[in-house]
Every structure is written in C-alpha cells, then in structure tokens.
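As they're listed, the protein sequences go chains A and B. Oh and the first sequence: position 291 is 291 in this note's numbering, straight run, nothing missing. Oh and the second sequence: position 253 is 1253 in this note's numbering, straight run, nothing missing.
Don't read these hints as lab results, they were simulated from the structure. Cβ atoms here follow ideal geometry from the backbone N, Cα and C, with glycine treated the same way. Take every hint as true, because none was put in to throw you off.
Chain B is faced by these chain A residues, among others (derived, beta-carbon under 8 Å):
1. 110
2. 158
3. 262
4. 320
With a straight-line Cα cutoff of 27 Å, these simulated DSS-like cross-link-like pairs (lysine-lysine) come out:
5. B:1003 - B:1184
6. A:40 - B:1184
7. A:88 - A:116
8. A:263 - B:1052
9. A:227 - A:285
10. A:224 - A:287
Far from chain B by the CB rule (all over 10 Å, computed), these chain A residues:
11. 37
12. 66
13. 67
14. 173
15. 270
16. 329
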Amino acid sequence: MTRRKTPSGPQLDTEQLLHAYRTMRTIRAFETRVGQEFEKGTIPGFTHLYSAQEAIATAVCMNLLDSDYIGSTHRGHGHSIAKGCDVKGMLAEIMGKATGLCKGKGGSMHVADLSKGMLGANGIVGGSAPLCVGAGLSAKTRGTRGVAVSFIGDGGSNEGVVFESMNLAVVLKLPVLFMYENNGYGEATGFSYAVGSGDISGRAGAFGMPAEKVDGKDFFAVYKAVKVAVERARDGGGPSAIEAMTTRFGGHFVGDPQLYRAKGEVEQLRREMDCITEFVDRVLKDKSVTRKALQQIDTEVDALIEEAVEEALAAPYPAPEELFTDVYKTY
Amino acid sequence: MPKKTIREVIHDTIQDEMRRDPTVILMGEDVAGGAGCSGEDDAFGGAFGFYKGLVGEFGRERIIDTPISEAAYIGAAAGAALTGLRPIADLQFFDFLGVCFDQIYNQMAKFRYMFGGKSDTPLVLLSLVGAGLRCGAQHSQSLHPQVTAVPGLKVVMPENAYDTKGLLLTAIRDDDPVLFLLHKLQFENACEVPDEEYLIPFGQASFPREGTDVTIVAFSAMVQKAVAVADRLQQEGISVEVIDPRTTSPLDEEAILESVEMTGRVVIVDEAWERCSVAADIASIVARKAFGALQAPVMTVTAPHTPAPFSPVLEDLYIPSEDDIERAVREVVAYRR
Ligand SMILES: Cc1ncc(C[n+]2csc(CCOP(=O)(O)OP(=O)(O)O)c2C)c(N)n1
Ligand SMILES: [Mg+2]
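Just chain A, with the same shape it has in the complex (with noise of 0.2 Å):
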C-alpha cells in the first residue's frame, strides 16, 4: 500500500508541498509588490495581477518539465514564475530595464523564457492556443513526449481561434491541454453573460476531448486534474480541457475601479477563496509539513522579491541602439 501524504489528494512528499507552497507564496508576492511598483510609478504601462489564482499555474508547471511548453495571457506574471523563469528578470522587464529576460522590450505582456518552455505572455487575448496547438505537433514531431498547455481566460474562451485550436488538435491528436481559468470576468463583463452555454469545459469537450471542471483554489483538484492530463497526452492520448473555477483578487489591471463588481465582493472573496490559505490549512492539519517550514519559506520570499525590487529599480535602461536589434536574426 502506498503511503499518502495528504489524504484527499494526490501523492506528493513533503518537498513537492513545500515547492508548491514557495510558488504560490512567491507568486502573491511578486504580484503584491508589482502592484505597489505600479502604483509608485516604477511600472510603465499597464499591467495585470494574478493573485488569487496561484493554485492553477503552480499545480499545472509541477506536472511540467522544463522541456514542456506554457502558453499564457495578458496576466501572466504568475504562470511565468511557476515555470521556473527567474523572479529576477521578471522585474526588470516589467520595469522595462536592459537586465529584463527580455532586455525590457517585451514588459508584462511579453515575459517569455524559451530555456524554460515558456513560450511567452501574449497581448492577443486567445493568443497562446494556436502557438500551443504548434509546441504540442513540433514535440509530437521530433518525439519528445513532451506536452504543451495552452493557459485561456473565461474571456479569451470566446475567441475563434480558440475553438478552431481545440479542433485542430484533436484532429492531429496533439499532446496539449487547454487550461481555462476561469475567474468569472473578462475586463468588467461577467463569465455567466459572456459565455453562452455557461460551461466553457463542457463546450471543450464537445471538440472529442476529455474535459473537466475542477475547484481552482484547490490546488490538489487541479493538480489531480492535470496529471491526468498531462500523463494522457504524454503518452499519445491527445488533447484535454480543463476548467479551473477561480476568482481574481484585483482589477483586471492595477488601477480598475472595479465598479462591476458588488461592494464587499472582493473582501469575502479575500476570505473564501484564497488558494493559498486553504493549502496552508490543508496541509497543517494532515502534518505533512510544518509551520516552521512554511514560514521560513515565507522569510525567503519575501527577501527574494525586495532583493529583486532592489536590482531591477538599480538596473539600466536599455541602450539606445537596442531599438534597433532583435527585428531579424540575419537581415
């Protein structure tokens, strides 16, 4: 008999939940301290939060390998840090620095860390699915069971080529899954309006696909779901969809007023649906980890992401003639 850990959920030993719990925590923080960034001024552009949806990346990227492809969205600091990209060069790109993983020419909507299979953070609502439908058939291809997951909002579910994408890779039986978070708004319109059929996995589904709805803030559900997912399509069993229900615990830009949303919403929401805490509880109560563990991870957090603050406001500018490179590899 196997031992579990964590008696509802799926084998993980005490490093996975600890690994899980400094992704999750990072995540938080690093959108927390983006948002004060922005609010401060230190973040050009517009940019758009994660917080409260840090189950569902963390629980898909620790079913991923680095040779594994993501696909993500507008709000995609989050996905980024739990494929592994480097909290670092996430901050000076989103500060728009020269030290940035992108040399601070792509900024929020743009991280991307090829090394670590992730294909990019993308400005085209729907964006990834397509580029996925592409990483899944080149890793079918050259035969490196490798899978990609193509991240799509309950907005960006609408998106045409979105549901041409889900096609297309059953019909090439393509190792990818399609990894809706819904969070219930698309800018201020509300899922239950947005989506037709109100039910974005059961509309995947009708593609020929296993689809499925999981509690998003349950980060051993998603983390189930996925393995499930992520093992079918390693193994050539094609294409699945899954909808994490979730919630967002900020505008959908630093900055949105939030005037669609009802007052105290965000507060309860705070109180009820925070992934994070829920793990905590979770995995305090079964013991598989200790408090003293959690909070020495928390200690190292939050020192990772001043020390990153630090650099990245510290870092240069890009130099002038980087204008000009990168357009062509040869031209």
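Given chain A, work out where chain B with the ligands should sit, using these hints.
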C-alpha cells in the same frame, strides 16, 4: 464656445446620432460593462470610458456588450450594416485588427463592388492607434496603412476634438465602411467645439499652419508636433506650412500638391512604419505629380522598421519626435542641388 475633449466629443456625437437615428447601434467589448456582474451596470463605457452613460439612455439593445470575439462581432456589424442598421463597432486597440481583418478587407470593404453597387455598408469601426502608453509591441501599433491600402474602406484619423465631431458625424452618416482611428495619447486633448451640428467632408485637408518655405504633411498625433516645429522655425524666419489630411482614404492629394508646388520642399510625418506606408505613398504621389516643383528630395519621418518596444527609453526613441521633424525640415530647407 464650450471646450470639449476628444473623449467627450465621441460620447456626445454618438449620443446625438443615436437620438436622431434609431438604426444606429454601438457594439464591442465592455462598451457598457457590468453584464453578468453584481456591481454597477454601466461599469466601463468602453476600455477608455468614451461611452459611459450611453447604456443608461439607450439600453442594452442598442449599446451591445459582446463576448471577446472580434471576428464575430466585427463581421456581425458588417452584416447588420448590409441589412439596415448603422452599427458603430468599437475595437479597443487597433492592434486587434489581426484577429478580425478578414471581416474588414474581404467582407465589408468589397460588398458594394462585388454586388455591382447594389449594397450599402454604413459602418463605423472606432479604434485606437499609436504608441506612447508603454503597452508593448501588441498594443502600440499604427496600422492605418494596412487598411488605407484596401479599396472600399475609408480611413479617418482626427487629431483634435473639433475635427473629431465633424468627421464622426460624416462617418456615421456615410454609406461605406469607415475606420475611425484615434490616437491613444490624444483623447483627453480639448479644444472649442460648437454645439451645433457640422459635417467635415472626407478627403479635405486642414491647414493648421500656413507657410511658404516648406510643407509638412502630418497625421494624427504627429500634427501637434509638426505645428510645434513650425512655430519654432517661424522665429528663425523659416515659414512652414502644416497640412493635416485628416483622412488617409480618401486623400486630399490636391491640397498636398498645391502646397508643394508653392514650397518645393516637403516632409511627411507619420507614426506608422515607412515601408508600404501612407508616408511612402504620399512621397510617391509628390514625386510623380509635383516633380517639376521639387527643390529638395522628399523626406519622411516615421517610426523605424521595428516592433514597438516596451521600455520607455526605447519607446521614446521609436516614436517620431519634434527633434526628428525639425532635423528633416532643416535638411530639406538647406538642400541645394
Ligand atoms: C484579441 C484581443 N481582444 C481584446 C483584448 C483586450 N483584453 C485584454 S484582457 C481582456 C479580458 C480577458 O479576459 P479573460 O480571458 O477572462 O482573462 P482574465 O483577464 O480574466 O485573466 C480583454 C478584453 C486583447 N488584449 N486582445
Ligand atoms: Mg477571466
């Protein structure tokens, strides 16, 4: 006379037209906002708040929030225009043209011609172009040349609130598809705007500055910069004429050619990339039709052949500046055969 911003003019003009004509509707993502939510109903009024308040007056039957499905709702606007409505379709950023371009260039642009002149497609697609907000490569482009190149489309690029009103009225009442492109750095700019109705015809340039030594043809956000350069050079005795064609299709060739016939020198300023652009197009028109008058090579000032960078220092270099324009003007003025 009241002062109004471009944003206010957009709101008020659409409101007036919707009151006047029940076939005018507005559709797009979050043009009202709040659908399917438990907070306020009129929560966004478009990504930049242009339409705030309209849903309260006209209801959700005429102020229509769409899912994030540009190909479908822009195509639907074309179909509705073909069958008796006068839709205004909002596309939050013109960069998203990529998602719905087929509906624009294969569908709405060609109906009238393909159908032997038997159809009208009275549609306005309202969108924002331009860099400067530090939004990166997919939210900062000036893609008006891409649509200007397509027969059957009209393309309007107002740069001030007064022109915005007159051109938007013309656009809404026009029976062809019109792309109405505002620059995202400009919609808070205000000027005096009369309350009375007035229409500005397409294909009619304005002359923000009159001069005799050199002609600057500038579009959208570049007009103000050209005017600033003209005023600066005026003090040195260089007389600069600034022409704002206001629409890239149709294009007021006559105004440009007449001016160049007089000055013999021309600088064309546009934020779009130069290759296959409106700037290159005008340069070619001038070279072909005013060759005899030219006393210096035709100059262009545009964004470089790179995507829009995110980093503020690079983006500031990317966007044509007053200094870039001034340098070009000085060069053509100093040119001797
Ligand atoms: C093609 C395209 N259309 C519209 C937008 C503007 N936009 C950016 S994010 C967004 C909402 C996306 O909602 P959802 O997919 O649910 O993601 P979430 O913001 O909730 O993470 C919209 C409409 C865009 N960036 N690209
Ligand atoms: Mg959403």
